[in-house]
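Chains as they are written, first to last, in numbering that gives the first Met the number 0: chain U, 0 to 111; chain Y, 0 to 111; chain W, 0 to 111; chain H, 0 to 415; chain E, 0 to 415; chain F, 0 to 415.
Bear in mind the hints are in silico, worked out from the structure with no lab data behind them.
None of the values given here were measured: they were computed from a predicted structure.
Positions of the beta carbon are idealized from the N, C-alpha and C atoms, including for glycine.
Hints are not guaranteed to be accurate.
Quick list of simulated restraints, FRET-style, between CB atoms [what the hints assert, rightly or not]:
| no. | chain 1 | residue 1 | chain 2 | residue 2 | range |
| --- | --- | --- | --- | --- | --- |
| 1 | W | A21 | U | E105 | 44 to 50 angstroms |
| 2 | H | H189 | E | I253 | 52 to 58 angstroms |
| 3 | H | A368 | E | K386 | 51 to 57 angstroms |
Letter by letter, the chains look like this.
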Amino acid sequence: MKKIEAVVRPNRLEDVKEALAAININGIMISQIMGCGRQKGWKEIYRGTIVELNFLPKVRMEMVVSDKDVEKVIKAIIQSAKTGEIGDGKVFVYDVADVIRIRTGERGDPAL
Amino acid sequence: MKKIEAVVRPNRLEDVKEALAAININGIMISQIMGCGRQKGWKEIYRGTIVELNFLPKVRMEMVVSDKDVEKVIKAIIQSAKTGEIGDGKVFVYDVADVIRIRTGERGDPAL
Amino acid sequence: MKKIEAVVRPNRLEDVKEALAAININGIMISQIMGCGRQKGWKEIYRGTIVELNFLPKVRMEMVVSDKDVEKVIKAIIQSAKTGEIGDGKVFVYDVADVIRIRTGERGDPAL
Amino acid sequence: MPGINSGDTTWVLVSSALVLLMTPGLAFFYGGMVRRKNVLNTMMSSYGIMGLASIMWVAIGFSMAFGPDFGGVIGGFNWAGLSGVGGAPNPGYAPTIPALAFAIFQMMFAIITPALITGAVAERMKYSAQLIFTLVWSIVVYYPLAHMMWGTGGWLKNLGALDFAGGNVVHVSAGVSALVACILLGKRKHHGVSSPTPHNIPFVLLGAGLLWFGWFGFNAGSALSSGALAAHAFLTTNTSAAAALLSWMLIERIFNKKPTALGAATGIVVGLAAITPAAGFVPIWAAIVIGFVVSPLSWFGISFLKRKLGYDDALDVFGCHGIGCIWGGIATGLFASSAVNPAVTNQGLIFGTGNLMVSQLIAIGITIALAGGGTFVIMKVIGLFTKPRVTLREESDGLDHSQHGESAYPSFTGLD
Amino acid sequence: MPGINSGDTTWVLVSSALVLLMTPGLAFFYGGMVRRKNVLNTMMSSYGIMGLASIMWVAIGFSMAFGPDFGGVIGGFNWAGLSGVGGAPNPGYAPTIPALAFAIFQMMFAIITPALITGAVAERMKYSAQLIFTLVWSIVVYYPLAHMMWGTGGWLKNLGALDFAGGNVVHVSAGVSALVACILLGKRKHHGVSSPTPHNIPFVLLGAGLLWFGWFGFNAGSALSSGALAAHAFLTTNTSAAAALLSWMLIERIFNKKPTALGAATGIVVGLAAITPAAGFVPIWAAIVIGFVVSPLSWFGISFLKRKLGYDDALDVFGCHGIGCIWGGIATGLFASSAVNPAVTNQGLIFGTGNLMVSQLIAIGITIALAGGGTFVIMKVIGLFTKPRVTLREESDGLDHSQHGESAYPSFTGLD
Amino acid sequence: MPGINSGDTTWVLVSSALVLLMTPGLAFFYGGMVRRKNVLNTMMSSYGIMGLASIMWVAIGFSMAFGPDFGGVIGGFNWAGLSGVGGAPNPGYAPTIPALAFAIFQMMFAIITPALITGAVAERMKYSAQLIFTLVWSIVVYYPLAHMMWGTGGWLKNLGALDFAGGNVVHVSAGVSALVACILLGKRKHHGVSSPTPHNIPFVLLGAGLLWFGWFGFNAGSALSSGALAAHAFLTTNTSAAAALLSWMLIERIFNKKPTALGAATGIVVGLAAITPAAGFVPIWAAIVIGFVVSPLSWFGISFLKRKLGYDDALDVFGCHGIGCIWGGIATGLFASSAVNPAVTNQGLIFGTGNLMVSQLIAIGITIALAGGGTFVIMKVIGLFTKPRVTLREESDGLDHSQHGESAYPSFTGLD
Ligand SMILES: Nc1ncnc2c1ncn2[C@@H]1O[C@H](COP(=O)(O)OP(=O)(O)O)[C@@H](O)[C@H]1O
Ligand SMILES: Nc1ncnc2c1ncn2[C@@H]1O[C@H](COP(=O)(O)OP(=O)(O)O)[C@@H](O)[C@H]1O
Ligand SMILES: Nc1ncnc2c1ncn2[C@@H]1O[C@H](COP(=O)(O)OP(=O)(O)O)[C@@H](O)[C@H]1O
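Required output: the full structure, derived from the provided sequences and hints.
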């Protein structure tokens, strides 16, 4: 099993969600983070002074999937999150040692 | 060392916390996430229209523990977080390469 | 590649950010978590009763870096986040299986 | 100043301040209901109009609405810049207070009316287009309507139609204009797919509370003097709000098991709207009826009609204000009584003949036609010069960022 | 209308609007103090009552409280539906304003009083049970008490007890009822284990600010006319609030090193409550004393007594309003002066004999007995038909979800 | 009471309540603009002063400001504790209302003025030092200034300088004191590095809305009677606010492409401030000019001057209130007209000679000197006893925690 962690633009959330649902990925954890990267901040105006924001709001979606689904998921994320401009975000993949479904106590792949 | 990541219902937070304290697990990171899974959303009423929420608030508790404690921790979480209804959540286990305590610079198990 | 996850005091955020920028680490995900650890809670006063808070706000900074940078990053974090008092936080290191830049589709180290 | 009554003047000035406060109240009522990425834009729709409509009123608005009559439909420019409007009373409008105080009081109505409309086009209309719309709409719809209904020589007034505090002039006109504008603008992206998400319901309640408070100025202030009539209008206002609040909770209890806070706030507002045309004309018991009935009507409009017809009136301006005050105007035709107010020359249907009801229906019809037609034309004309709607990208980034370069709560994490 | 003074009428109408605004103010004062999963329920407790108590007042409340006397304890139904209550003044109550204005002003008191009680049972009482409680409590406790204290023929009034703006009728009765109700309802789960967590302290400050503002209507409006007495009551009110705010900050500074915002807001409210029975009777300097002393008393009640006795008065209604106005009633017995108000026939203890003090103690005692006993019986009777408390699961999910099917801030992440 | 007019009294009492509400309004205006870890401290700066300045006013303030004149600069202690200030009018100040009502109204000004200053030193000044500063500053700067400008025998008043509702006494004095205090205190850590981050812009809008509402009391209440002058001041106030709001949006549109909500709120406040000295003296059209011009002036001060000179006026008290009312005072010298108010004996520059302008400039100069010099000395003296600034650690932890032991929104996650 792998954990896939995608950092995307907030306005892509619904599209990515739909793209994932389309390939039957339904277990997801979503959170908002503040990101720094190459993307220069949005400019905001504060009483006549333009300020550049260091940290930009991003959405992080994490899902644990079985090994065979990894590439499919990555593809779906890229397709739905990509705009081509700097700041589109990243996908990180990690190994998962185990998964347990609290309700049933099932472990491993069946628990997903 | 392993990282244990538990996604539970918000109203279970205090119970899980107590169950973990009871087995001497005190280092925890807690955050709120929005989760999708099998659980159908809560229904909310918006001016006469019933809407179903896609994303449900869940609590995520993460703790890094030494390998020998893993099963004990999982058991404690399951016992305190389980209601038997869909939406109870999951426990994920990951490997940890290293830990450092910032205050002292200690590394590995003693840093936990 | 490794993921470095640092839990630090909220008031250290800007300093750690600067220290990381100084060693050219610019891709970061920042989030606020509530932490429990050895640090006793801040005391707050609620209508004449002193209450101790269980959970303290902490800032979590996560960055994926190439293996060669790991020690450098840890050092920078420790130096900028350390106050010497209980509650300074921890650094966790994890293996990363893969990274993909959504914008370009690059994978692995070049995607960082 | 001869003829000035200090108690009456105080009442009208205080009422003016109360009505002014309703617009910030509306900003919170509306602002709490939109997604968090659009809250500042939604609030700015109201605040910006506080600036624009105030200046317009001083410059030409008062004169066009209440100035010397032209053909029963509009006032002349004689009082432009409020020239000649000063400390002496205008006996035709309010004989015991300075004419300036009357002009001030009416100004507050000219502010909140276009602000009401912005709720329907929330989350997708360009801010600049909103301000232009307000400017033109005030001239084309509001000033003539106010003149016809309330101005000396206005033909609807002469017809005998009653509108105590702006049921037609303010609420029906805003509600109908809102409906037309939101249809022309089109639905929000994802509307109907993702859930509508009021981001801050306490703000909605704050807004409803301020509106209730301010509405005493709106309705009881429309007596334009202190005393028995003001007290009467005050109580009908409170009573209708209370009854509508209860009946909205009741409906929700019946149909959805649980009374919601958003529903309660909505009930308050429709109850206040419905009593507006009737406040100084109907008995107290009628206020209970008016309030109790308006909630089911609006609720039906919002939860069935809107879904059926498929328009995207974001914050239900038509459902609340349009439907609410069409009912209010009809109810005035039913329940108006000369025992309550000697200015009622034709009694309501239940007390006498149907004369008043006919005038009421005509007045409502004219209001719908003028507001609907006017808005249609204005939106089309604006569309010739600019796209009134933001781009899809701007819509999904949120209007706070795209229209104002700000975010409302930058240090709170969350998801819209 | 002969005998009507327009300035007085304006003052009472404005005061009524101000007191109405206190209930939304209370909703924020209370709503900010609960956990975020319960904020809407807490606010709805106040808003719902704005509907219910308004309608009840028009229907029967005014008549039962101020109608023709029966045996010194209750008014008859003669004025039910406000029949006969109109533009002419009621000389026994307020000779220079329409009787309707008096009825309106008093209505606002009948709204906020039961709303106050809901703070004690917050975070665990069923919403429907709260409304039923309010309905019955108004009839069994509030109307009789208002009649006895203020109604023509009321026996406490005849006894010579003084209650300028509702120390007993509003605050002691609400405080004692709150205490009894919360004891019968039982503690919140985890109460005493996890920390009490006001989720939004700026809302508490907003509420306190609106309460301060509205309280001018409450107290100075109780002069029922504009002029010297109203001005006097206005200033004692402000002075007591200010003094109590300072003394609460001082206590916190002494005992906990730091003055808190929640403490400051609490100080404001207890200072306003304590002066309520005394506002139009005592000299300005006495207002400083009353305010300065009330904070230590309430603080002691909240931080020691409550812990000792172990009841769970969630938002300290008894500690603030009960203790605060028992002190205020006693202070009236100490400091009332006929130099301030000729209506004071028996001077306060420090100026003369103890007659007034005896009446005050009797009135407070009767209030405690009626409110405490009444609440006990009502809660027990309600308990026969329904469980007034939510289930444990509903309590931990939060009452916003379980009672109203909503969440207050859906797009903000956080932990309760 | 002979000579008392009930309508006038009602107006002044209502106005007093409105001005009182401005301080909570200010707390939200300011509180929304600071980082979230400092919001309670910022709000408490205003709330604490509501306590302190009220008590001081009753004790000595009114007497020092309006009591029997000493040398044109200060009042005697004859009326300390408000002795002798009662129901009878004081003909020199307000002949138709109780002297007590006048004292109450003026008290509200003595509250908000020091509260304004706290915006400049936000996010870094010790709370205790703020209260001590307020105490001393009121005695050293405010009471003398109020006396000189408004007190019977005050030399600036005798000089013929006009200040309708506190342009000098309130705004210039607060703005200049704020500037001096923030320079002496030093910059915030990271100021100029990290971005300024208003944490809750809807709160800023709420504050601006409440300020607008309350300012009607501030300015129109300063007529001290109901009638034509009050109505006139009411309308100039609204008009200037509206014009300044529009011109601020316009500037932002020109220079930064987008009008912001924070800018709109700022425009409202500077427009209200600028008209304050002029409200009852200038024609309505002049109010448009005053409002329209003040925004560019303040905007220039805030976005260029401040950056150039490098002081850290956290919430731009000098830029808004100082610059705004220096302009307002000068504008009074330009546009004051005896046609508007017979109390204008020397007409403004555009109507006549420059006499009035000279007096205005002298009055502004004296205000700057007294406020600036007084603040300098007070800050230096306080510095002898305590460090007025928190430690760096306390500053980065946030003043809510370090000064009050609280956090404002404990159950919402986010980053400051
Ligand atoms: N090495 C990294 N580690 C952790 N997060 C990263 C890393 N690089 C980028 N991110 C996250 O991805 C977001 C987008 O990255 P950015 O460099 O701005 O654009 P792009 O991915 O298009 O080059 C950042 O805001 C940050 O949150
Ligand atoms: N594969 C997964 N990856 C990440 N998070 C998951 C996954 N499956 C479930 N979750 C999280 O666990 C929560 C509960 O899962 P759900 O399927 O609703 O119930 P249950 O675990 O009882 O079957 C979800 O809301 C989601 O946040
Ligand atoms: N084993 C752990 N697993 C996860 N998070 C931890 C662990 N230990 C500590 N933490 C996090 O680090 C923070 C600081 O730890 P604490 O024990 O208080 O101080 P210190 O690291 O100085 O000993 C905690 O609030 C918690 O969020």
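Here is how each hint holds up against the structure:
1. At about 47 angstroms, the beta-carbon gap between A21 (chain W) and E105 (chain U) stays in the expected band of 44 to 50 angstroms.
2. Checking the proposed 52 to 58 angstroms range against H189 (chain H) and I253 (chain E) shows it holds: the Cβ atoms sit about 56 angstroms from each other.
3. The beta-carbon spacing between A368 (chain H) and K386 (chain E), approximately 55 angstroms, falls within the hinted interval of 51 to 57 angstroms.
Of the numbered hints listed earlier, not one is contradicted by the structure.
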